[in-house]
Amino acid sequence: MKSLEELRALKAKVKNDMSLRDGADDTRVVVGMATCGIAAGARPVMNAFVEEVSKRNIKNVQVTMTGCMGLCRLEPIVEVIDKDGNKVTYVKMNAEKAARVVAEHLVNGHVVSEYTIGATAQ
Amino acid sequence: MQIYRSHVLVCSGTGCTASGSAGLFDEFESQLKTNGLENEVKIVKTGCFGLCAEGPIVVVYPEGSMYCRVKKEDVAEIVSEHLLKGRIVKRLLQGNEEQAKAADAENTDFFKKQLRIALRNCGKINPENIDEYIAEDGYEALGRVITTMTPEQVIDIMLKSGLRGRGGAGFPTGRKWDFARKSVSDKKYVCCNADEGDPGAFMDRSVLEGDPHVVLEAMAIAGYAIGSDQGYIYVRAEYPIAVKRLEIAIKQAKEYGLLGKNILGTDFSFDIELRLGAGAFVCGEETALMTSIEGHRGEPRPRPPFPAVKGLFQQPTILNNVETYANVPRIILNGPEWFSSIGSERSKGTKVFAVGGKINNTGLVEIPMGTTLREVVYDIGGGIPNGKKFKAAQTGGPSGGCIPASLIDTPIEYDTLIEIGSMMGSGGLIVMDEDTCMVDLAKFFLSFTVEESCGKCPPCRIGTKRMYDILEKITSGKGELSDIDDLYALASAIKNSALCGLGQTAPNPVLSTLRYFKDEYIAHVVDKKCPAGVCKNLLQYKIVADKCRGCSLCSKKCPVGCISGEIKKPFVIDQSKCIKCGTCMDTCKFGAIVKE
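Chains as they are written, first to last, in the numbering used here: chain A, 1 to 122; chain B, 1 to 596.
One or more of the hints may lead you astray.
[Unchecked claim] Derived pair list, reagent style DSSO-like, types lysine-lysine, alpha-carbon separation capped at 30 Å: (1) B:LYS42 to A:LYS59; (2) B:LYS557 to A:LYS55; (3) A:LYS92 to B:LYS85; (4) A:LYS15 to B:LYS254; (5) A:LYS2 to B:LYS33; (6) A:LYS59 to B:LYS33; (7) B:LYS595 to A:LYS87; (8) A:LYS59 to B:LYS244; (9) A:LYS15 to B:LYS42; (10) B:LYS254 to A:LYS11; (11) A:LYS11 to B:LYS388.
The set of hints was computed from the structure by calculation and includes no laboratory data.
All values derive from a computational prediction rather than experimental measurement.
So here's chain B without its partners, still in its complex pose:
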């Protein structure tokens, strides 16, 4: 086998592919050839490092130097300086100069507070090469399970570990497996929910793209535990890279005999097939997902019976989320005590968050449960851009709620988040600054739910639409105080009567913004003002006479010609014609135009 002295890891997750990492790979190849280094340096395509905001990312080992925003033109310099002469190209390192000295990516603020279990191989191995997964203890857990353990022992480990579902609801994984184990049937199924639909969430996608084998291995372990020989991964077709790497991974695992008949010479057989979803949000709901796998229109069905009793094709089925599976092999290898020692009292292990919105380090972070939101936003996330103030963070997407600035020191765990009216969710974390209008935010999430409602049950189909209409009324300045009472009434009706989990949680964004930002609703309804200056119908652009020098620049730029005045005297905006585009405010050099 060829031994290399240096490995160049080029991120080929979705984020970095979008910012141009595919071209880098070829460029590295040709530059290495030019410099005669092709036998000394190995180039590897790898999964997401998590720091998507700084992509495309290239990491050079053994130094561990993480180069950010690498352009094609930079490749020649990295090759001739770093790889040929051993001089790290400092200008491409992440972060400020202080951090640049660290040179090793693991010492930067972004990585220091993280603990990567589910993401441990992402950004380290080549996801399209099963050998690299095996080198990192891959399939060892499956091997041990099927050769030395009974199914009951496996379930016992899962129960003891305290692992809870990472898809949102947080149901204990071991108990789910236990139910399915105890259901009697000659055919059982293991499903993987890779239908990640929350706006802003991309954790599962990154695991599939960076470490697809971990999901296959965990599903086979689950199959052994419950007595199943068939698995299905339901992944959305909108994730082409994830689909491609899963296909490659399944093929390689079958070639090695790690999937299929009589795995590792035992009696245990397990096969996995992919099912592509068309991207409906409702198909992330477990019963709708299984209905879709069966070939029907993806609509939820009532529970009970729960999937562990009657799931896919009316047979006992377990359905876990990608990230949940990604924890399983490590728990087997390191033991349940190891896992339950991480995290907090009631929530064990780590959680991956896709951090987005108004934050400097947009990307993927994995933190021990119990880390505070402040640490995620300021220490790992690098704070809010442009020195703005943190206002709130939304977790759990359209099913979750917001965490206001006053609760920024809340530890992130399943129960504390529910206590404050939010939820863990699948891991989308959207950060908002002072320029976000919370009523508008609630309206955004509700518009998503309205759009994605499958229409099977009236509370969700009609109720969310009515709530949306009320929010529309409030944000356009026609709201009355009774509208807020109506919102509460509708929300509780939907929560109590919708068929599936997605419908029942759809009012959450409205309820949680009402809980923490009721004053903003009141301001919209009573004062007809939008405090954040977002809702166009409620704001006015005005020229402050004292500051205006009468330069006429704004009136020249105004697309509807509603600003008039005499040169060198204060100008005035005709409110009846103004379309509130904000061009005048951006144009004014004296800060004389205000929005209120």
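Extracted from the complex, chain A is given alone in its bound form:
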């Protein structure tokens, strides 16, 4: 390394990976990963979230998972919980929908209402 700029460039590169361990004020993307969720295809959904979030270099978002919410027929279910605890529940997700949620909800703050539980469940 020949300059402070080089050090900072490396830091920017490795920082993202470490942000996972910082915690508290993050928006959480919680993917239902019980047997029902996995069977319905939750794993590609989660991977899509992880990839999109890192590709767009979005800070303060954790992608994590949870068990069965009891609504197995609507799996894969994804909940987006902001730092104040407000929750949006997306259902019957897939990888493409995940990318859209990242772009519209996580980046721009607009809930993708057509994927939410209220729009889809009926």
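Keeping the supplied structure of chain A fixed, place chain B upon it in accordance with the hints.
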């Protein structure tokens, strides 16, 4: 770069390695493979989390769940439940059920009152990976210092921050650097004292094992400030993990050009070498340490000249403790005002304590200066096991003194501790309950000093031995009142005439126990009794006739056959034969045997 959705941090500090964390790492690796998660979950070896009593510790992020006492068999469950299905394995979380709900380690009592500056990366980063240190602002402070500041500005920041040496004596770090800066010489040295020798202290070890780069970075900053291009870390060979990680860290830093010639393209060059000590207590004393680095027998030399004027190889040298260095990069990054806003009026910042002895949460804690001993023992430490009463705490190891229960609300800072006859020391904090005999405790620390005295000066070599003999006499029931006066006389002679700091402070454990627990000394000497029931020669096991049912169990168990009696009638112990092993007391089902 591979992005992971979850990180599993396996503690690989000494405490957890001893309780089996190395096996966990491999087990996680194979379980993740079995479940096809190896590309989603990253396993990281990290440094000490501080809660050594509950080790081996595994923390899973992003949830921050801290799993305690994890066994190899538990790994499969953590992987299949938590990592695959996202269900936290509650039974392995720390503490009671109330705390288990918190799930995030930071919300537990143990961490809530702590403020981690020196330990901020311990348990968070992989100490063997320089990238993770850099991600946490690593080497940024060094970069800023050598590209934008003058050495005087760096020293000014250190002076303003109010940082004082964490090795024990508490000398202001900035002033030390200032002296060395002003000493004129073409060769100067920066040394790191990692020869942690107090019984029960393991703070420096944990910093080196959990965050070795912070020490390297701070030493380079110190080198720039005083005008030195060579550093030495004196670390004991008994710390194999610390030595290994330091070696790795130095190698990585050199590869990145963060140590060596022309760091970050500037004119500043700095190199660091390790020197392994053989574990002599005296080598923690600064002049003895430097003598040892020079290749001689580790013995102290008289001061002045102080190291800042004539230190290593007769050149101006600064010597700071590991924990002191661990604070330096953060002070540069956050500013001296930030640091001096933490802590109390006269003691700034935080202090790390290795808490041990009769306490539930044995481990490593970092608290703002001015926190009371009560908070450390009861809130962070989780109180005394088995509902026993707090009697005293020893700080400063064999150079320090005890803090009795009556002073438990004393704020922990340099000056208050000295006022009450103890000292900050390097950070060992040994908690004692009602079963500890204070005379015996003083004898223990003195036996350590006698053993470790280098023998160069007579006050320490002979004086501490004589004091030890007197304590031996008192604890074996042959003491006289004049012995206590002799202890005082010897203590003051040693304090005034020993060559180095370790000798001068060696009588402290005796003086402080005499100050707060003189009645225990008197009880040993006059009544020939040990109130805590520790000193064997002064106690007797007796059978209370009213309670004894005459079951004969004790007499069967007694290894010397000194208990006799008739079945269903009270038994008796023959005191002339009794070896005071206590087996009878443990055996008796009716609580009929007492120790007095």
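Okay, the hints, checked on the actual structure:
1. B:LYS42 to A:LYS59: holds (19 Å)
2. B:LYS557 to A:LYS55: violated (72 Å)
3. A:LYS92 to B:LYS85: At roughly 18 Å apart (the allowed maximum being 30 Å), LYS85 (chain B) and LYS92 (chain A) satisfy the hint.
4. A:LYS15 to B:LYS254: holds (21 Å)
5. A:LYS2 to B:LYS33: violated (39 Å)
6. A:LYS59 to B:LYS33: Judged against 30 Å, a Cα distance of about 29 Å means the pair holds.
7. B:LYS595 to A:LYS87: Distance ~64 Å between LYS595 (chain B) and LYS87 (chain A) Cα, so the pair is violated.
8. A:LYS59 to B:LYS244: violated (35 Å)
9. A:LYS15 to B:LYS42: holds (15 Å)
10. B:LYS254 to A:LYS11: Cα-Cα ~17 Å, so holds.
11. A:LYS11 to B:LYS388: violated (50 Å)
When each numbered hint is compared with the structure, violations occur for hints 2, 5, 7, 8, 11.
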